[in-house]
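Peer 1: According to the working numbering, the sequence shown is numbered sequentially starting from 12.
Hints are not guaranteed to be accurate.
[As the list claims (entries may be wrong)] For each label pair, taking beta carbons as the anchor points, the in silico distance ranges come out as: (1) Glu164 to Met32: 15 to 21 Å; (2) Arg75 to Val136: 41 to 47 Å; (3) Glu139 to Thr16: 38 to 44 Å; (4) Thr40 to Pro74: 32 to 38 Å; (5) Thr140 to Lys119: 19 to 25 Å.
[Claimed, not checked] Pairs of lysine to aspartate or glutamate residues, derived as DMTMM-like cross-links and limited to a Cα-Cα distance of at most 25 Å, are as follows: (6) Lys59 to Glu139; (7) Lys59 to Glu153; (8) Lys19 to Glu139; (9) Lys21 to Glu161; (10) Lys119 to Glu31; (11) Lys119 to Glu164; (12) Lys59 to Glu43; (13) Lys59 to Glu31; (14) Lys134 to Asp145; (15) Lys21 to Glu31; (16) Lys121 to Glu52; (17) Lys121 to Glu43; (18) Lys134 to Glu31; (19) Lys119 to Glu161.
It is worth saying that the hints were derived from the structure and are not from the lab. Remember, it's a predicted structure, so these values are computed and weren't measured experimentally. Even for Gly, the Cβ is constructed at its ideal location relative to N, Cα and C.
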Amino acid sequence: MKKFTSPKQKIGLIGERFAEMFLVKHGFTVVESNFSCRFGEIDIVTTKNNRIHFIEVKSITVPRETEKVLLGSIKIEKNVTNKNVSRETFLKENRKLTNPFQNVSFFKTKRLLKTAEIYMNLKNVPRETRWQIDAIGVYLHEDGTLGRIEYLENITIR
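Produce the entire structure from the sequences given, and follow the hints as far as they go.
Peer 2: Spelled out as structure tokens, the structure:
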């Protein structure tokens, strides 16, 4: 099993566990976690309705004050430092805090596609099997508790 030692890796592992619980709660069957090959890694492999879902999980830590801004009304215009700024400025300045999906680049999706194809070849998955790549964004509080989860279906076009 892979060892997670850095703070970022530990946040990622916590996020993946919350993502797995979310998926199971929504009717997915978890088949495998952290499949890796020379082209990349797939965080979670699941099935639902005769379709394989390759899940990329991105986790970020947000302070509770930031989460109030994220989850509250759009009219809230204060960031964590309580400076008066517009919502657009706040999101632009704190993009990595507010959007874990921003870290799923075009290059990353190409690697995910290649890794998924290798997974299916290694596991002898029939060619006619339906599959897709999804992403889950996990927002964690600084103490490691769950803030919220966002799920995006079929993030690649193939």
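Peer 1: Hint compliance check: list the failing hint numbers for this structure, sorted ascending.
Peer 2: Violated hints (numbers, rising): 7, 8; every other hint is consistent with the structure.
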